[in-house]
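K.L.:
Protein chains in written order, with numbering that gives the first Met the number 0: chain A, 0 to 287; chain B, 0 to 812; chain C, 0 to 162.
I should point out that these hints are in silico values taken from the structure, not numbers from a laboratory. Honestly, I wouldn't trust all of these hints.
[Unchecked claim] Which residues of chain A face chain C? A few of them, derived with a C-beta cut under 7 Å, are:
#, residue
1, Pro2
2, Val37
3, Ser82
4, Ala84
5, Arg107
[Unchecked claim] Covered stretches of chain A (chain B as the covering partner; in silico rule of three or more C-beta atoms under 8 Å from a C-beta of chain B):
#, region
6, 186-194
7, 257-266
Predicted, not measured: the structure shown is a model, and the values here were computed from it. Each residue gets a CB set at the ideal place from its N, CA and C atoms; glycine is no exception.
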Amino acid sequence: MKPAPFAYHRPESRDEALDLLAEHADGAKVLAGGQSLVAAMNMRLARPARVVDINRIGEDTFAQDGDAFAVSALVRQSDLERSPAVRDAVPLLHEALPFVGHAQTRSRATLCGSLAHADPSAELPVVATALGARMECGSRRGTRTVAADEFFVSSFTTALEPDELLARALFPLRAARTGYAFAEFAERHGDYAIASAAAVLRLREDGAVDELRLVLGGVSDRPFVVDAHACAGRPLGEEAIETLAERAGRDIDPHSDLRGSAAYRRQLASVLSRRVLAAASLDARKEG
Amino acid sequence: MIPAPARPAAPPRPSLIGQAIARKEDPALLTGHGRFIDDVSPFANTHHAAVLRSPYPHARIVSIDASAAFAIEGVVAVITGRDVERLTKPFSVGVETKIPFYCCAIDKVHYVGEPVAVVVARDRYIAEDALEAIDVEYDDLPPVVRIEDALRPGSAPLHEAVGSNVVHRRSFAYGDVEGAFAAADEIVEIEVAFPKYGSTPIETYGVIANYDSGAGTYVVHANFHGPFVLHAVMAGALRVAGNHLRIHVPPDIGGSFGIKAHVYPYIVLLAVAARVAGVPVRWIEDRLEHLQASSSSTDRLTWAKAAVKRDGTILALALDQVDNVGAYVRAPEPACLYRMHGTVTGAYKIPAVKIDNRLVTTNKLPTGLNRGYGGQEQYFTLERLVARVAKRLNLPVLDVVRRNLLRVEDFPYHAAPGSVYDAGDYGRALDAALRLADYDALVARRDAQRARGKHAGIGIGCIVEPSGSNMGYVSIALPRETRDAGLPKSGCTEAATVAIDPLGAVTVRLGTTPQGQGHQTVAAQIVAQELGVAFDAIEVIAEMDTQTSPWSIASGSYSSRFAPVASAAIQQAARKVAAKLRAIAAHELEIAREDVVLADGKASALGDPSRSVPIKRLAGLAHWHPTALPPGIDPGVYETAFFSLPILEAPDENDKVNSSAVYGFIADICYVEIDADTGRVHVESYVTVHDCGTMLNPLLVDGQIHGGFAHGIGGALFEEMAYGDDGTVLAGTLADYLIPTATEMPPLTIGHENVPSPFTPLGAKGVGEGNAMSVPVVIANAVADALGVDDVTLPLTPARVWAILRTNAEARA
Amino acid sequence: MTSCESDERHAVEMTVDGRRIRRYVSPRLLLLDFLRTECGATGVHAGCEHGVCGACTVKVDGRVTRSCLMFAIQADGGAVETVASLGTRDALSPLQEAFRARHALQCGFCTPGILVSAQAFLDSEEHPDERSVREMLSGHLCRCTGYAPIVAAVLDAAAQRER
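Excised from the complex, chain A in its bound form (with noise of 0.2 Å):
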C-alpha cells in the first residue's frame, strides 16, 4: 500500500496555489488535511500525477466575515471543534464535528478539504447544505461563490473546475428563533454515517414555521434534501414531524451495500428525520 509517483509543490500563499492549478488544471490534486485522499492514494485508488500541498499557504482562520461565519481552506477540524466562536455562531457545524471521524483525523483534517472531497456519506456536506452554506471558489480567473445545493453535484464530485480550490465556506450565523440538530447512525463511533439527517428550522414569532431544511446523508449521491415546503405557515406538531418524517423515507432512492439495505436505508431516514425535527423544534423554541 504505496502511493504511485507523484510531483510534488508546496506553495507559500494562496496565489501561488492558484497558479500551481491554473498551471496544472487537469493532472493536480490538492492536498490539504490529506486523510482521505491519502489514504485513496496509499490504495492507488487516487494517483494524481502532482500534489499541490496547501499546508503553507496559511489561510487558516475562521471569523464571522459580515453576515456570515467564514472558514478558510486550511481551518482544521479540530480547532473549530474547540471553539466557543464557532459553537455560539454555528450551532449546527459544532453538534457535527464530532461526529466526523477521530479526533486523531480531525486534528489534521479540514472542513474545506472534506466538503470539495464530497464523500457522499460524509457528515459536513450535509451540515453545509442544511445551513444553505455558500462555497468561495477561487481561482486564477476570480472568485465565485456558489450555493452548496449547486456544489454538491455527484458523489465525490463538486461543482469545483480543476483550477479552483475552495477558499473559504460561509456560513450563515445563527438566527433568532431557529433551532439546528444533526443525528447519524453509524455501526461504530467514528465511522462514516449508514445514514445521518440534520434540520435546520427557523420558526415566525407565531410559533408557525417559517423556514424548515431537512438534509439527508447517506442516502444518494450527495446530500438530499427533503421537500419540507408543506410544513411552512403552520407549527411543526407531532404529527408534522411524523408526515416529514415518512416523506423523507419514501422520497429517497437509497442503495444497498454490506452496512444495510435500501429499506434500511429508509428506514434510518426516517428515524434520524424525526429525531433531528424534534430536536430542532425544541432548539428553535428554547432561542425564541
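Starting from the known structure of chain A, arrange chains B and C on it as the hints suggest.
P.N.:
Frame of chain A, contents of chains B and C only:
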C-alpha cells in the same frame, strides 16, 4: 507420568506464582523498543517484496507477462507459479485429499487475493509499481461461494482431481444414539449458520527470507508462532531436510490470536523468492492483503438434533456439520472441525452423540486458527440448541442448563466422544454468575421493559474451555485403518531451558513464541520461585530459532497452552537446575541435598540460615571448577525439560479422542436491549465467571478475559469476512471490516471460581479463548430472547436485527 | 515555493524526538516509512496504512497525526514526536507507568500510537471522564486488551495528575 511435587524443602514462603505482578515485557513495548518482525534487520542487502494477487475468485491463468516489470529500475526478480512448481511441492495436510496446495497459484486461482507472482525490488514502493506492470491474462470461471452451493451435486468442483466440492466426510457415533432418540419425549432440531471472521491482529504478517547458497539452507525470520509441526510441513514443501530450514521468530509478535500460524505458506513463498532473486527479501503484508488473503475461521452450517426428556434432560445429540475451509484444505485444517471433537457435549452430561462431518471447498480465503478455534462454531450450535430445548419444553433455560450441567462428583468426566475433563465445579461457577448478574433483578428489568413494549432479552451460556491441544486430535479425521498405518500422534509437548551463567545470571529460553500474553513474566515468576532468585534479575528469551531453541512439534502459542503445558516445562527445567544447585550446595555445606533451601539468592541449610552459599558461587563452581563438583554432577548450568501430559493419548480404536489437556469452564450471562428504530443491540451488562484452575498471574488472566471478550463482541455484533455472490471481497479495508473500538465495548464483570487442575503440575488451565467462544452465542441467545425468534444469524448488525424486527411486525400485521 | 518532480528527491530537515534529521526523500515517501527506515523510530508501527488503526500515530508540530496519511516531505522543517518522546525504560512517564500497572498492553503493537494520542488528550483535557477517554480511544484499534484496561490507565494518569 505426572511427576510428584518436590518434597517441600523449606518452610512455606509467599509464592510468586499467583501474584498480580506487572510485566517484564512492558518497559520496552511502552517506549517503542519492542522488536517486531519489521524491526529486525538480519541480512545485509535485503530487498523488498510485493505480492501480485488474483482479482478473480476463480479463473485459469492463461499467461503472465512480466517483461514490463523487469524494465523498471530497481526490480530484481519476478517469481511466478512456475518457479514455485520447480522449487517446491504441495503442502502436506492431515486429511486424504487430492488437492494440491502450493504457496502460489500455478495454473488456476481459487480465491480473490491468491498469490500469483512476487516482485523483488529495491524498495516496497518500486515493488508495487512493478506489480502494476505485470500483465496477467485470466480465463474467468464461475465461482462457488456459499456452503449450500458447494453441497449442490452439480456444483463445479474447484479442484477437478477431487471431483466434488465436498472434500472430506466422516461419521462418528458414541453411546446408544438410536436408543436415546427412540426413548426421547421430544426431539428438538435446529439449523444454524456461523459466519467467517478473523482476528486481524494490528501487526500484519511479515517474513524476511534468505537462501544461504553456501550451506544450501533457507534462513527465514517471520512472525510465525507455531504450531511448530508446521515447520515439517514447510521443510517438506521446500524439499529440504528440517535442518536446512532455519526459522527465527522475533522476540515480539504484534498479536495473532491464531491467525499468524498461517504466515507459513508465505514463509515458503518468500524463501523461494529469495532463492530465485539471489538476495535476501523482506515482505511485510499490508492490510488489504491481510483482509483478503491471510486467514480466518470457517463458516459452518450445522443441523443439530437433541433427544430430550420432558424434564429437560438431554439424552443424545446428533450433529450434521459442514465446515467451509475456503479454496484449499490448508494444514492444520480440518482442525477447526476436530478441535472440539471430544468436547462437543460441552458442559453437559450427554451420554450419546452422533457426529457427521463434511468439509467443503469454495472460492474464498482458506481458513485456520482463530481465537477460540472451532469453539465459537461448536457452542453456537450447542447453546442455541439448549435455549431451543427450553423454549420447546416451556421450561426456564436455567432449569435445562442445571438439569444437564456436570456435577462435582462427575469429575474426572469422560465425555462420550473422548475428552477427559479434569476438574470443575460448574454449578458453583454458574451460581456465582447469577449472583454477579443479579439475575432475578435482570429478569424483572427485562419483563418491565417488555411490558413497556421494549425489546429486552437475557442470554445464558455455559461452556467448557479446552486448552493444550492433543497433537493427535486432527488424525481423528482419518479413518482408523489409515491412522494405524501412519505414525501415531499424541501429547502436547513443550520445552524450556533454564541456564545460569558463570556470574550467576539466570536466563530462561522459551519455545512458546508469545504474542503479548506475558509468557516472559510468568516464566520469570516460576523460575524465581523455584530457584529462590530475584524475579527482576531473570532474563527470559522469547526469541525462537529452530536450530538452537528447545522446541517440539507442539511448540508455539495457540490453544491457550502456555498456562497448562509450557508453564510445567519451565517449572521442570527450573527444578532440574534447582536440583543441581542443591547438589553442589549440599557438597559445599556438607549437608543432605534435601536440607538445602534455595531462597534470596542463596542456598542455605534448613534450620540454620547462617550456613549458606550464594547461588552465584554455586553457578561459578559449575562453570569454573568442575573438579570440585560432587560425584555425578556435570559441569555447567544449562537444563532443558520437555513436558507433555500422559492423559493425551492417541485416538483410540473407537474414534474417541481426548482433544485437549485440560478443560476450564465459563458461565456467562448477558442482558441486551434493542433499539426498535434502528435495530442496534445494546449489551447493557455482561457477566463472565471463569474457572481457569490456578491463576499464575491474575493480572494477566483478567487481561486475557477482556481480550477474548472483545473478540467475542466482534464476532457477535460486527465482524464478517463477507463475500458477494460473485466471490468478491466485500470487507476489504478496516473501514469495511468492523472491529469494535473503545466506544463499542460493553461493560464486563469478571468473576473467578477456580478449581485447580489435578492434571497439570501448577494446577493451571488455559484462559485466553473462552469468551471468544462463548460471547457470540450468549449475545445471540439474548437477542433471540429479546426478539422472540428462533433463528438469529451473526453478526447481529443493526441492519440484520432491524430486518428481523420488520419481519416480525409484518407477520403480526 | 517548493517543487519536486516525481523522480527527484528533495532535501528535508526535521527533528524527530529532538534529534535533527536531514535526508533526501522522494515526494511519495510516507512519513511513516521515513520515520521507521530513515530515523530508526521503531515506536511507529504500520498497521493499516489507510488511517484507521492508529498504530502509526505521532505528533507533528504539536498535532496528533496518522503518519501513514502524511508524506515525509510535508514535515520538512517541523518537529516530530513519537512515543520515544514520552519516557524511557528507566524513567517511564506517569501515563506509561499507568499502562503497566493496569496491564493496558499485551502485544504492544498498537500501544505507542495510543500513548501518543492519550498523552495529547491529557495535555488538552482538564477533566477527562470515561466517556471522553473512550471517544479519544475510538481512533485506535487494539485487538488484545478489550480496551477496558487502557481506559482505566488513562483515567489513572489523569487522576494522578490532579493529586
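K.L.:
So, for every hint listed, does it hold in this structure?
P.N.:
Tested hints:
{"no.": "1", "hint": "Pro2", "in the structure": "holds (5 Å)"}
{"no.": "2", "hint": "Val37", "in the structure": "holds (4 Å)"}
{"no.": "3", "hint": "Ser82", "in the structure": "violated (13 Å)"}
{"no.": "4", "hint": "Ala84", "in the structure": "violated (18 Å)"}
{"no.": "5", "hint": "Arg107", "in the structure": "holds (6 Å)"}
{"no.": "6", "hint": "186-194", "in the structure": "holds (count 7)"}
{"no.": "7", "hint": "257-266", "in the structure": "holds (count 7)"}
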